[in-house]
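J.: Below, each chain spelled out in residue letters.
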Amino acid sequence: MAELSLDGVTKRFDDGGNDIIAVDEASLEIDDGEFLVLVGPSGCGKSTTLRMIAGLESVSSGTISLDGTVIDDRQPADRDIAMVFQSYALYPHMTVRENMSFGLEESTEMSDDEIRDQVESAAEMMGIEQLLDRTPSELSGGQQQRVALGRAIVRSPAVFLMDEPLSNLDAKLRSQMRTELQRMQEDLGVTTVYVTHDQTEAMTMGDRIAILDDGRLQQVATPLEAYHEPANRFVAGFIGEPSMNFFETTVEDERLVGENFDYPLSEETRADLGDATDVTLGVRPEDIELVDTNEGDGEHDFRTVVDVVEPVGSGNNVYLAFEGDESASELDMDESRTFVATIGGLRRIEAGQPAIARLPEDAIHLFDGETGEALHNRNLDDTETIEPQL
Amino acid sequence: MSQETVTADATDGESSTSDLRDAIGGKRILLYAVLALIAVYFLIPLEAGLVTSFKTNEAVINTAPYLPPGPDGFTLQNWAEALDTLSSGLVNSLVMTIPATVLGALFGSLAAYGLTQISWKGQIPIFALFVAGVFIPYQAVLVPLSQFWSMIPLETALSPLWALPLLEPYHADLIELIVTHTAYGIPISTVLFRGYYMGLSDEMVEAARLDGAGVFEIYRRIVLPLSGPMFAVVLIYQFTQIWNELLFALILVGGTGPSAPVTLSLVGLGTSLEGVDFGLRMAGAFLTALPTLLVFIIFGDQFAQGVAGRT
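The listed protein sequences correspond, in order, to chains A and B. Residue 1 is where the first sequence starts when you use the UniProt record's numbering, and the numbers rise one by one after that. Residue 1 is where the second sequence starts when you use the UniProt record's numbering, and the numbers rise one by one after that.
It should be emphasised that the hints constitute simulated quantities derived from the structure, not laboratory data. The reader is advised that the hints may include incorrect statements.
Unchecked claim - A few chain A residues facing chain B, derived, Cβ under 8 Å:
| # | residue |
| --- | --- |
| 1 | Leu56 |
| 2 | Ala77 |
| 3 | Ala82 |
| 4 | Tyr91 |
| 5 | His93 |
| 6 | Phe102 |
As the list claims (entries may be wrong) - Stretch-level coverage of chain B by chain A, calculated; a stretch enters the list once three of its residues show a Cβ under 8 Å from a Cβ in chain A:
| # | region |
| --- | --- |
| 7 | 196 to 208 |
| 8 | 221 to 235 |
Claimed, not checked - The calculated label-pair distances, taken between Cβ atoms and stated as ranges, are:
| # | chain 1 | residue 1 | chain 2 | residue 2 | range |
| --- | --- | --- | --- | --- | --- |
| 9 | A | Gly16 | B | Gln139 | 36 to 44 Å |
| 10 | B | Gly228 | A | Gly16 | 37 to 45 Å |
| 11 | A | Asp7 | B | Phe135 | 49 to 57 Å |
| 12 | B | Thr271 | A | Thr135 | 52 to 60 Å |
| 13 | B | Phe135 | A | Leu188 | 55 to 63 Å |
| 14 | A | His93 | B | Val131 | 24 to 32 Å |
| 15 | B | Leu247 | A | Thr135 | 44 to 52 Å |
| 16 | B | Phe135 | A | Asp15 | 29 to 37 Å |
| 17 | A | Asp113 | B | Phe135 | 48 to 56 Å |
| 18 | B | Pro125 | A | Leu224 | 54 to 62 Å |
| 19 | B | Pro125 | A | Val308 | 58 to 66 Å |
Don't be surprised by glycine CBs; every beta carbon is placed ideally from N, CA and C.
Chain B with its partners taken away, still in its complex shape (with noise of 0.2 Å):
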């Protein structure tokens, strides 16, 4: 009899952990449900570019843009041409795109260094003219900008460079490009990585000062070393903006001559009088966003610690 109690208490039990589960299994289901939802809708934008990027003309016009081309409307010719034409703007675009990316993180970090680390009077006022940097906009700065560097003969100046092995004068543009978007980038970075040195233990630099180190060599022993993780966020966060960049591109290299960056030769790629080949334009643009993609891949890991604030 008793064996019995126990038995059916047993099944109650399992019945109603049972039923609690499939209450949790109900909302789950609706949860992935959504969620796939969403992603899809993000996700299909992409898919119809990458699968237009390998058809052939006919197959753009014959076939829906979602779906992928049949075995004669495929080919790999877009990304042929694409990456033929664009070739020049790609190496241009990583030559600027490289360097006014890490100085604008460097010179950031020494910034915020001197505006976190170092007392001294009058911070908060240069502070704040940092942050307003950060909000001024592009479309601001275009007539001073091309004013500035049409009076600074850069190309002549640097003559004797352009001797050099590798070097072009066409890199004259380049270098402009670098040094606008190092200046342009140096207020964000500031502010990110002031933030991140807020963080840092106050008694650990201290302990470095008393160890005899100087402020530089805290800022290269200490601060540096620890700031891998922020270093991370803002070559990621800068690398994007600068190798999507069009705006200071087009004002000061204009047209698509040897200088161009590749978001300036993506603009032709493509459209002529006979129409748009959206096959070749995709494969373009497939080829463009292909750095930016990488950059994330690899600094992924670091740029999550950064931005969840970890020391």
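One chain only, chain A, in its complex shape (with noise of 0.2 Å):
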């Protein structure tokens, strides 16, 4: 059982001169038995950091330590980690049991019988017992996953690394690898590092999640968290399908102004703002209602025409534009102008209709216009909470 800690990980990259830095400084503490998820978009430096605490990568500086001994100068086969490659890495020459079988050999002093009884455990633990005298060649896609999570688990390390391993997956196999995943890691209780591009995997799977993008570690949060008090525009822009809305404005007073809006503010919610001038506005499409074109007059309602209607069986996605300038008039409207916002399934909107969008001020996020940083995330009642609870 372990905790694994980086502290200050940079990883630079030698490119003919110029350095490029695929990780900045990433310090993350990950808990015994934490199931920890790094994300981020595609060459956000997620891969690398992996690969740096498996030790297939050198660590530029920074140091990364297991249960508090350092582990930088390790040989990867002598950090009691296992990893499950994307590609899964099965060596196609062996079988099955040949596969489970090579870590043990390589690196214990294990008798053939000790090896066959874990081989086999771990094989049954799969329910993989039954091809063990195959190779990867005879396997379906979801059984070579199952082998290369097995030759993982077979070796009992003291932190699992997983990069993207359910990306190669169709759909339906991969949410069922998904909760197979995680009961898996529940009942060993090992340490885990998930590296994903996916937010819901992220969202699904993570104990905490680290949101990474161009290097740098964005936030470390709960689901939850990360969800409903993201620490800046990225995070709230990642996490989230569809994404959040954005909409640029400057404050005026008690006001956002907007192109085509003006956002009247709370005093509580104006004082988060401090001294700010550009403030992005942020809000979650299930936030925006939706109500009745008669009696949406209140000062958060806004008139705008249903653009597109995305049905998706449990909802709809509505994309919006603001009505009122010419351009709206004539639905002469470019793409980033128009924002979604999700309604019941069995509720009936058609493209073209006028409607009323409320956004409501407790669900609105307000970042910096400059940096990105939340000034203020949405309120939560009493009933709601992002704690765990028991």
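Two chains, each in its own frame: build the complex with the hints.
T.: Right, here's the structure in full:
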């Protein structure tokens, strides 16, 4: 059992004299038995971070330690870490049994019998005992995935590292494996670092998620914290599907003035802004209410026209454009000027229809227009909580 | 009425497809004719050689080279004589070629592994040297090579060996040839294996490292077992090269001593003051070419895989 900690870990690649900083001063504490998901767009440094933990990449500066012992200069084999690769990286010329025994043969002094027992119990746990004598080419993608996981657990390592292990599976199998992986991790209680670019995986699987962008850690938080209390605009936009809507505004007295609307602020909210002048207003699609045209006259209600409706079954994604200026009345709007609201799947709404969009003040997020830092996050009322409860 | 229209349409359709078939057929026939012509062009010399090897001297003089001999002009004498004369050369060639081929391929594979899956500084210049090695012509190394071997008294140095059964002092010449051919074969095998190993999954090798395998264990248990198709390519290529090679043998062995490989013995076969015995020479040539043909047949499938770059 292990506690993994990264302290100011930096990775610089030398690219013909120019240093490229792939990971910039990442500091993380991963508790014993925790499932931490590293998530971010491609090229954000998440895989590099994982490979540094594994020892496949050297650390340019900073330290990585396991249970208080610095492991930076240890060989990958001596770190008590197992990794599952995106391509599974099974040895194609070996049977499943040989694939799973390989690590035990190479890194331990176990007798053949002990290895056999351990491989068989790991195979049983993964439900692959009937596949032990097949080679990887005779297995389906899902089975290969299980073997790759089995190969990792058979060595009972202190830490699991997983590099987008589900990305080669089809959608249905992926969500099934997601649950299975979570259950397995809970049963084994092994500290796990999981890399993905898929925010759904991050939200659903992680005890905590670490969001990376451009080599920098943006936020480390529980999934719900990241969703409801994003540290900055990047996190707010990255987590959540469909993404949060953003409107660029300037602060004028007690109001936010956008291109198409004025948004009055309460005193408390205004106080959070301090002396910022350029502010990005963010609101999640599900927080936008569409109200009847005859009752929407509140100060946070805006007249809009429905641009596109995407039914997804459980709900509808409705793309709206502000009504009022000439371009809107001609329905000649570029995409960046529409925003999205999600409404119930059984509510009927059609493109071209006028609608009133209500952006409730307790659901808005405000970000500094320059730095992107969150200035104000949504209010949560007493019955709502993002803290883990028993 | 409507029935008729349908029938007419159907016949129309049919005739148009058969027209199409004719058009394709015409092109096909032309293609096959050209291919057959090219095949004949390539095969005629071989065929002429093969029939000549079964002809008596009179038949060689009296029949056209590519025509089979008549019943009285047919003989197996040429083959028997060629086998008799070349047998020691064939044995020498095998003794020389098999170790040189295997060693060259093995060292090339090891070098390529070191140049692809292990990271160290200065790989590129070292690899450039291997590439340069591929292009060194035989003629350029003849003098240094003969000087080198004249400085090393292999036969006396290895004298205890000659007491062993089946070994003779003249085998020292063959060892010289084995070492020379191995060295000369390493660059090309390295370059071929390197291309192949670049295609191996990095993640797989990394997985093996995480599993605790060391550099050599990864080679022995992961890389080597996956190199089969490329070994077939390199073995066939090197076997053919070394088997057919004459120049090094001529310089290092010279003449037709007991250690002469078959290519050297073949040079003098069937030539005398009375003229050239074509039948005998052809039989000898086919006999000499037979092992390379066998190697191709045995490793052919793997060869195709290796050339196609399948890992």
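J.: It remains to establish, for every hint, whether it holds in the given structure.
T.: Status of each hint after checking the structure:
| no. | hint | in the structure |
| --- | --- | --- |
| 1 | Leu56 | holds, 5 Å |
| 2 | Ala77 | holds, 4 Å |
| 3 | Ala82 | holds, 7 Å |
| 4 | Tyr91 | holds, 6 Å |
| 5 | His93 | holds, 5 Å |
| 6 | Phe102 | holds, 5 Å |
| 7 | 196 to 208 | holds (count 6) |
| 8 | 221 to 235 | holds (count 4) |
| 9 | A:Gly16 <-> B:Gln139: 36 to 44 Å | holds, 41 Å |
| 10 | B:Gly228 <-> A:Gly16: 37 to 45 Å | holds, 38 Å |
| 11 | A:Asp7 <-> B:Phe135: 49 to 57 Å | holds, 52 Å |
| 12 | B:Thr271 <-> A:Thr135: 52 to 60 Å | holds, 56 Å |
| 13 | B:Phe135 <-> A:Leu188: 55 to 63 Å | holds, 57 Å |
| 14 | A:His93 <-> B:Val131: 24 to 32 Å | holds, 29 Å |
| 15 | B:Leu247 <-> A:Thr135: 44 to 52 Å | holds, 46 Å |
| 16 | B:Phe135 <-> A:Asp15: 29 to 37 Å | holds, 32 Å |
| 17 | A:Asp113 <-> B:Phe135: 48 to 56 Å | holds, 55 Å |
| 18 | B:Pro125 <-> A:Leu224: 54 to 62 Å | holds, 56 Å |
| 19 | B:Pro125 <-> A:Val308: 58 to 66 Å | holds, 59 Å |
The structure meets every hint from the earlier list without exception.
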